[in-house]
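Participant: One line per chain: the protein sequences are A and B, in this order. Take the first sequence: its position 41, counting from 1, is numbered 41 in my numbering, and each next residue is one higher. Take the second sequence: its position 137, counting from 1, is numbered 137 in my numbering, and each next residue is one higher.
In short, the hints are calculated from the structure, not lab data. Do not rely on the hints blindly, as some may be mistaken.
To be verified - Estimated spans, in silico, between C-beta atoms of each pair:
id: 1; chain 1: A; residue 1: Leu84; chain 2: B; residue 2: Val111; range: 48 to 54 Å
id: 2; chain 1: B; residue 1: His33; chain 2: A; residue 2: Ser188; range: 27 to 33 Å
id: 3; chain 1: A; residue 1: Lys2; chain 2: B; residue 2: Leu30; range: 55 to 61 Å
id: 4; chain 1: B; residue 1: Asp141; chain 2: A; residue 2: Glu81; range: 55 to 61 Å
id: 5; chain 1: A; residue 1: Phe181; chain 2: B; residue 2: Thr144; range: 37 to 43 Å
id: 6; chain 1: A; residue 1: Leu59; chain 2: B; residue 2: Thr32; range: 17 to 23 Å
id: 7; chain 1: A; residue 1: Gln82; chain 2: B; residue 2: His33; range: 46 to 52 Å
id: 8; chain 1: B; residue 1: Trp136; chain 2: A; residue 2: Gly87; range: 56 to 62 Å
id: 9; chain 1: B; residue 1: Val158; chain 2: A; residue 2: Leu112; range: 23 to 29 Å
id: 10; chain 1: B; residue 1: His33; chain 2: A; residue 2: Val190; range: 26 to 32 Å
id: 11; chain 1: A; residue 1: Phe224; chain 2: B; residue 2: Asp141; range: 39 to 45 Å
id: 12; chain 1: B; residue 1: Thr32; chain 2: A; residue 2: Ser21; range: 38 to 44 Å
id: 13; chain 1: A; residue 1: Leu222; chain 2: B; residue 2: Val147; range: 40 to 46 Å
Claimed, not checked - Derived lysine-lysine pairs resembling BS3-like cross-links, with alpha carbons at most 27 Å apart:
id: 14; chain 1: A; residue 1: Lys94; chain 2: A; residue 2: Lys2
id: 15; chain 1: B; residue 1: Lys79; chain 2: A; residue 2: Lys18
id: 16; chain 1: B; residue 1: Lys140; chain 2: B; residue 2: Lys165
id: 17; chain 1: B; residue 1: Lys170; chain 2: B; residue 2: Lys6
id: 18; chain 1: A; residue 1: Lys2; chain 2: A; residue 2: Lys160
id: 19; chain 1: B; residue 1: Lys6; chain 2: A; residue 2: Lys18
Since this is a predicted model, take the numbers as computed values, not measurements. The C-beta atom is built at its ideal place from N, Cα and C for all residues, glycine as well.
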Amino acid sequence: MKLLNSRVSEIVRFELEKIWSAPYLGIILMLLIMGGPSNSAPIYVGPASEVASYSAGSLKAMFLLFVTVLTFANSFGRDIEQGLLMGELTLPVKKGVIFAVKLLANFSIILLIELFTAFLSIWIVTASISPVLAASIALIDMATLLLFIALTILVSIVLKSRFGAIIVAITIYFFENILLFNISLMMSTVNHLNIDPTYILLRLVFYGEVTVYTWGIIFIHLFFPIALLSFAYFFFKEVLQLD
Amino acid sequence: MINPSKLHYIGIVVLMIGLGFSILTIMRGLPTHIISSSQFSLPGNFTIPLFTPSMWPPRNVRISVHLSGGDIDLLFFDKPGFESFSESGDMVPVKEFKGLRRGVVNFEIPVRGEYFIVARNSGASTIDGEIVLTFWGFEKDLTTVSVAAFILGAVFLVAGWLMGKQHSSKFSL
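Here chain A stands alone, though its shape is the one from the complex (with noise of 0.2 Å):
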């Protein structure tokens, strides 16, 4: 046991030194700091809650996703193509292990982004800090992200190509709003409807709102992300072989 957690620490090193950079990472949280929705409200009166409802689907969650693809693009595809993962898969554990690991460890690290910069946002525009707030904001965030997440992984795996797996996630998150956007306009041309998936989820958690698109955006961001991370998962472990 003592054994596969050194072993386990070692891949979580690795994975970190690789991927997290110290310009890499310096440029996300600039982003992210700049990107934010406390950049768009100087003054304002009433809860945090509202301002990241009303900022969803803002600069923020473009840079976030970007950084999420990529860095899982490169944790997965780029390990691939350079041989890097050849070198980790002859270590003594077991291949569904290493899957779990360069999956969790680089979602922590942009979950940990991600609270830190929602942490600042909701200090700067309400002047106070509330870590539950913060918290359930990033986990939302998140959580919308894990289908991208998740098509970055499988497609990085079957293809093994890291830009394939880039161009595929980024090309369904702009079709996926530009449906989004085409559903409101047919509900309404007059008063947009806001149906980007990060608001709805944020709607649900602080106000208990049920929508129309509540459980579809539920299905195709979270059990649909599982599927899909459960097949790579299984595709990692079971058919994957590296020349």
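Starting from the known structure of chain A, fit chain B onto it as the hints suggest.
Facilitator: Just chain B now, with coordinates in the frame of chain A:
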């Protein structure tokens, strides 16, 4: 022994955070924000809150007063001060301007928070008018964080570089 490469790493990250804060400070600091009290009428010997509660960042405020019929006093309260004023009538404002009728006064918001403005008419006659607040300048706390992050990042970077140099010269000997 502290690892020089770790110091270097922290230095770069903190510098980038400082850059992010600087850009945010500029983005929030460049536009001015204007709030108007709209036209009000204040009877003699009367005190009323003028603006709804607002979250104010620590910027400069230009208070433009346009009144007719007499002078008023303007009192700026922070949240605890306003609560105390509403409950017991105790007046402990953050800032007080007396005898305003026309013109402009400037006020620097000390810290980020909710602020309330109360207008007091000590005279007997009714006063009509409007007060316009213009928020301008960079937010002081964000500016401080930006500068602090730049300095801290630079210190870490230089310390990492010096320690690395010392380390390599030790090995070359």
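Participant: Determine which of the earlier numbered hints do not hold for this structure and return their numbers in increasing order.
Facilitator: Checked against the structure, the hints that fail are numbers 4, 15, 16 and 18, while the rest are satisfied.
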